[in-house]
Each structure stands twice: as structure tokens, then as C-alpha cells.
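*Asks:* For reference, the chains in residue letters:
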Amino acid sequence: MALLQIAEPGESTAPHEHRLAIGIDLGTTNSLVATVRNGIAVVLNDHDGHSLLPSVVAYTKTGDVKVGFGAQAVQSRDPKNTIVSVKRFMGRGIKDVAHIENCPYDFVDAPGMLKIRTAAGMKSPVEVSAEILKALRSLAEEALIGNSGGKLVGAVVTVPAYFDDAQRQATKDAARLAGLNVLRLLNEPTAAAIAYGLDNAAEGVYAIYDLGGGTFDISVLRLSRGVFEVLATNGDAALGGDDFDHRLYCWVVEKAGLSLLSPGDTSALLVKVRETKEFLSAHTEARITAALSGGQTIDLAVTQLEFWEMTRNLVAKTLAPTRKAMRDAGLTAQDVKGVVMVGGATRMPHVQQAVAELFRQAPLNNLDPDKVVALGAAMQANVLAGNRSREDEWLLLDVIPLSLGIETMGGLVERIIPRNSTIPVARAQEFTTFRDGQTAMSVHVVQGDRDLVSDCRSLARFELRGIPPMTAGAARIRVTFQVDADGLLSVSAREATSGVEASVTVKPSYGLTDDQITQMLKDSYEHARDDVHARALREQQVEAERMSEATQAALREDADLLGLEEAETIMAELETLKRLAAGTDHRAIKLQIDAVNRVTEPFATRRMDRSVRRALAGRSVASIGS
Amino acid sequence: MALELQLDYFDMFGLPARFSLDDEELGRAYRDLQAVVHPDRFVNASDAERRVSMQQATQLNEAYRTLKDPVRRAAYLLRRQGIDPELDTNTSMPTAFLMEQMEWREAIEAASGSADSRELDQLSCRLGGELRRMYAQVGQQIDERGDFAGAAETVRKLMFLEKVSDQIGDAMESLEEGTGD
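Top to bottom, those sequences are chains A and B. Taking this note's numbering, the leading residue of the first sequence gets 1, the next gets one more, and so forth. Taking this note's numbering, the leading residue of the second sequence gets 627, the next gets one more, and so forth.
Take the hints with a grain of salt, since some may be wrong.
Unchecked claim - In the DSSO-like style, the derived pairs of lysine-lysine whose C-alpha atoms are separated by at most 30 Å in a straight line are:
no.	chain 1	residue 1	chain 2	residue 2
1	A	LYS95	A	LYS66
2	B	LYS789	A	LYS324
3	A	LYS337	B	LYS694
Unchecked claim - Interface residues of chain A toward chain B, partial, derived using beta-carbon atoms under 7 Å:
no.	residue
4	LEU384
5	VAL425
6	ASP484
7	ALA485
Said to hold, decoys possible - Covered, in the sense of this in silico footprint (three residues per stretch, anywhere, with C-beta under 8 Å from a C-beta of chain A), are these stretches of chain B:
no.	stretch
8	655-668
9	682-691
It is worth saying that the hints were derived from the structure and are not from the lab. Positions of the beta carbon are idealized from the N, C-alpha and C atoms, including for glycine.
Make the full structure from the sequences, and use the hints.
*Replies:* Listed below in C-alpha cells is the structure:
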């Protein structure tokens, strides 16, 4: 008699069916897609065998969109419509992006997030990122499904650990726009740690050193019982492997005595030096040969040591933020159990050496540093898709990077969910009305770790209306924050006695630069410094005011000692001083005070001369009289 | 709303409602439970299931946060008895205790004023000892004597001492910052 097989309730009837899931590293310079095949994480290559897809999107008048190498090829011809490093603009307004004036794009400010006017129309950073994600999705579908008719279950997409709600939301929106089911947003350093198998077995503090093409990030994570806690992040948004290329390029130009190069020669030479840089990671000497368009040929030898010497200070520039992150985490090198290397630029031996010296241990580098984030994302996607048995599944418990709170009286922040709370998390807080008969209340949601609203990032504002008129302090308004497993926030408010309810999914009202986020994190560790800063600022403001008044009084008395141009210069400098003194940068005020001092020096000399002469004149008159 | 549908935190972990508990066991129970309810286990489930999963995981995080911290745990045990140690403003703190608080504060100020990090270290050690002594005391009051009023006072004292601990931490940090760069 045949026995019937009965599946456990809730258990899949086809337990061995592999569900297709991918991990995506959506990078500033390059993006990758990976998956787990036969239990091993692998990066998927395109038709030409490339594993890295340049994060470049080109738009044309015909509405045609090119992504990756195709877009990179037209970049020099059509820079205005070729968007590079779009990640910098995600969830950001124009004011929030550092050095935006250096970008060749036609930016349009829009509430919450900027937009870019292209030949194919207005594009938001979410749409541009979606093009990159679409390209990765079709690459993955072709590689994994082909003609077999399967279906992609979903994707894990990585984001930097310091990404706030607006940036995370924008990333998730982009993935949705690309037709991807987002299984989870995952912090990049956490993904790198997963790729190294630091999930279940390893307990302790790990540093993730990520030197990419154009950005540097350092994250300090604590792993305990499968919880990945971000202790500190720091970095340099304008430092990466490209800077090393540029140093070598300048060296070649100088050595070969080259003068003005054509754009074609410049880009050809940049490709050469990049190859040379990569060659020098495994060899002690390299030759750089090139034939320029003007008929000139270059043939130079460069040693590994020479290259290290010319780029030594670039390596040093990564160590300062690294030390800072360690200090912020309250840790020393001895506390770190392992250092994970991420980003192609970490292949350079002198980078490895410097990191090894700083942490007094050899860094973990047996995985490809360009691929490690994507590999970790793929491993997490595989778990989330349910492809592993319960026993060897790990559970990743992430935390929110920045505290969440709301604005209260006097522009102060009432912190509702502190940073580093394990997600998902919900917290409720009761508030009351301020005036008799108050029927509406506005709720301003902010993210950050400072006490003043103006020092935090504004995430959303909403109004709770229809509160029954009561005496001040009688209403009970309960505001609930819910942060889901992706770190995304929703807020609802409810008046307890009447049941009036309002809720919002938080959309950004303005953005901050990554530097500001780093600064916010840093500042939260530096309360002690606030007083120092506030005092320094106040001192400079008082000094600035004193200076302005004195100079203006002098101008009233002795304006005849100044030429028209001189007077105008002084007035202009005083105007600048007045503007800076209204700000908060005490160093800038100090510098401007110095500037005013400089331009008024000849005037002061002349005034002094006049006073001396007057005094002399008075005395001689007096002596004559006596 | 699920947040208001509160389950007893000790019941959630299958642990007896006592102050003294095994940290390891609590941690294991937490991980085992999260492994079942966490949203990562429901990424492909229906919206309703995902919502429930999020609510459960959220509650579990809150419960774990409460029970793993001795002061929060003690305060929670008291609230289960209908006593809110944070709300009780009728009882003022004993004068001797308030004097001690002043002394702590003065000692911290003196140490940070003279940039004496070793003195701060010593203060921190002394405070650590004091905290441990009071954890033991609150444990006895709750678990053995059922003296909840006494425990409430100990919890209030612990809350004061935690602020002192924060102050020592801040003072240490500002000393390090001053010499660090």
C-alpha cells in the first residue's frame, strides 16, 4: 500500500524549490547585482563579462535612456544629460548637496527632493536610480531565469549606514519604480559583515573600512547575538580611488613635461594611469606608455614605492575619520576584533598596511572588495526568500542610525525613539494642548541627536485637527512613532478623549548633506563641546559688533582721509562681517574681523597721523602762548 | 491598536516574574522568539501577516529592552503591582540621600575642573559598586520580601544614580576630547 505524503501545515509542499532572490549594491560610482547559487554567493556578470555597472544614466532627446558603460561613453559629449553619482542627490534638496555648483546639471528645486532637467524631461534622483536598478534587474533576470519562465522573488538593496529616513525612502521608491520587490533595505557595512560570515558565530566589534571610487566611509559595528549595532560612522564624501589616479596623472604630466592636453588625450591618459595603479598593487614597478594625438610619446617607469610616496597623504586622509569614528564609539584599536575591507581602492597594499598599522592586525581581505557588499546583500536576500532551513538561517537585527523626535515649545526636540534602538520599534508619547480651547495641533517630526530642532533634520509636519475644545492641558494627544524593519518611519497621532486620529507616512520636507549627517552623529557625542562652541561664537559676535561700531565712528569722524574706493571697500567688508555675525560659524567671523582689520589699517594709520599732528599742533600753540 | 494590547513581558519570554533573572536565558529566549516573529520571516507573506509580524517584533523589542535593564525591569515589576515609581512625587527623597547626590556632583565637578581622569575613573568604580549594591537590594525587596514601597524608593534612588553615572561619562568624554586632538 502506498503511503500518502502529508506536508506539515504551513510548510511548503515543494520544499526544495529555490526561490530566486538578488542582492543589489547601489553604489555612488558602480552598482552590482549578486545572487546565491548552489549555496554560494556570486556576482552576476553582463554579456561582456563585466561585474561592475557604472552608476551612470544618459538621457537623449528621443527619450532613449542609456545606463552603465553606454552612458559613460557619451558622458564627455553630453555631460548635461549624463547623470553620474546620482546617489548623492537621493532624498536631498539643492541646498543640501555639497559642491552642487560643480555639477553640470540643470537642477530644479522641488519640495523634499531636487529634480534634474534633462533632454528627456524632468527627472528625479529616484527615477535616475530606478534606471540603474532596472538595468541590474534585467541583467539578473536574463542570467537566472532566461527562458525557464521563473520569477524573481525580490531584492535586498543596500544603503549607507548613515542614510536617514528620506534617503532610505527614496532608495526604496527607486527599487519599486524599477519593478523590484524590496525584501529589505540593508546597511552596507552590515552587508559586508554578512559576506564575511560575521553573522552568527562572531561576537565583538568590527570596523568596516570602505574606500570606493569617490567616497570614503568608516563604520564601527558591534555584533552580539545576531544584532548588528552601528556604534559610529564617519568618512569623507570627496575622497576615493579616483584621487589616487589623479595624483599619478599629475606625476606623469610633470615628468613628461606635458602642457595643455586635449580632452581625448586626458581621458586616454587617465585610463593608462588607472591601469598602472592597479598593476602596482601586485608589482614593484610599472611602465606607462602612451602615444598622444600631437605625435608625442610617453614612456615612463614608476615604482611601487614612488606611487606610495606620492599618494601617502591620501591614505592619511582616511585615517583621521577612522580615528574619529573610534573615538566616537569610545573604543581603541585593541577593542576591534576584525577590520573588513570594502571598495576597489582597498586593494592597494599601502592602504592595507596603513589600516593594519592603525588597528594592529591584518584586515580581512580575502573577498573581492568591490563585490563584498553585493555578496552580503545576496546572502541576506537568500535567507529572506526562505531558501535556507530554519536551523542555519540567521536573524539580523538592525538599529536606527539617528534618534527620532518631535518639536516642542521653544524649538526643542523631545526625543521619542533614541538612536541605536533595535528595529522594528514603536514608541508613543503623550502631549497636551497649550491654550484653552485649542482645537488643532501641529506635529513636526525631526531626526537627529541634538537638542535643538534647528540642528536636526526635519522629516515631516502634519496637523491634528478637530480636538474638542478643552482647557489647556486637558487634552491627551498620543503620538506614536513606528519604525519598520527597513528603518522607515510612520507617525500617527490620536487624541485620547475624543478618538480624533491623524497619521502620515513620513515624507521629507528638506534634506541634509551626508556631511551634515556625519556631523550630527559626531555632535551627539560632543555635548561637552557645545558650550565651548557657543561661547566662542558669542565672543566673536561681540567682537564683531564692537569692531563695526568703532569703524563706523571712525568713518564719521575722518571720512576725508579716505579715497572713494577705499571707503567702499571698507563698507563692503563691514557688510560681510554683519552678515557672518548673524550666522553661527565663529571661525568665519574671526577671519572676517581679521579682514576688516587689514583693509582699515591704512585708514587707521592716517587717523593716527592726524591725531598726532593735532596733538603736536595743540602743544606748539600752547608752548607759543606760554 | 496592537500597541495597547499589552502582553505581560515575563510571560512573553516564559520567565517567572522576578527581578533576578538569567541574562543569558533572557537573551536566548529573545533570539528564539525574534527568529519566529521577525518581519524578515514574513517578507513574502500577506499584508496582514506582515503587519502582525511587525507588531509582535516591535513588542518583543520593547519587552527585551525593558527586562534586560535592571532599573527598567524593577520599575516594570512595580508597575505590575500598580505602583509607578516614576510618578510618585508625594514621597520626597530622604535628606541623607539628597546630600549624597550633592557630594557626587561636587566630586565630579572637582575632578573635571582639575582634569583628573584618574579621579573620574575612581568615582566611576565607586558608583558601579553602589549601583550593584542597590540592584541586590531592590532584588531582595521585590523577590524575597515583597516590599514594593521600599523597592519603589530604591528604584527612584537608582534613577538618580544613573544620572550621576551619565554625568561621569560626560565628564570623561569631555576630558578625552580636550586632550584627544
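*Asks:* Taking the hints in turn, state whether each one holds.
*Replies:* Hints, one by one, checked against the model:
With a C-alpha separation of about 28 Å, the suggested pairing of A/LYS95 with A/LYS66 holds against the 30 Å cut-off. Taken as a hint, the B/LYS789 and A/LYS324 pair is honoured in the structure, with Cα atoms around 26 Å apart against an allowance of 30 Å. The suggested pairing of A/LYS337 with B/LYS694 holds, with an alpha-carbon distance near 25 Å, which does not exceed 30 Å. Of the supplied interface hints, the one on A/LEU384 holds, with its beta-carbon coming within about 5 Å of a beta-carbon of chain B, less than 7 Å.
Annotation: interface hint on A/VAL425 holds; nearest CB of chain B at approximately 6 Å, less than 7 Å. Interface hint status for A/ASP484: upheld, as the beta-carbon distance to the closest one in chain B is roughly 6 Å, under 7 Å. Because the smallest distance between the Cβ of A/ALA485 and any Cβ of chain B comes to about 4 Å, under 7 Å, the interface hint for this residue holds. Under a criterion of three residues with beta carbons nearer than 8 Å to beta carbons of chain A, the stated coverage of the stretch 655-668 of chain B is upheld, 7 such residues being counted.
With 6 residues bearing a CB less than 8 Å from a CB of chain A, the stretch 682-691 of chain B meets the requirement of three and the coverage assertion stands.
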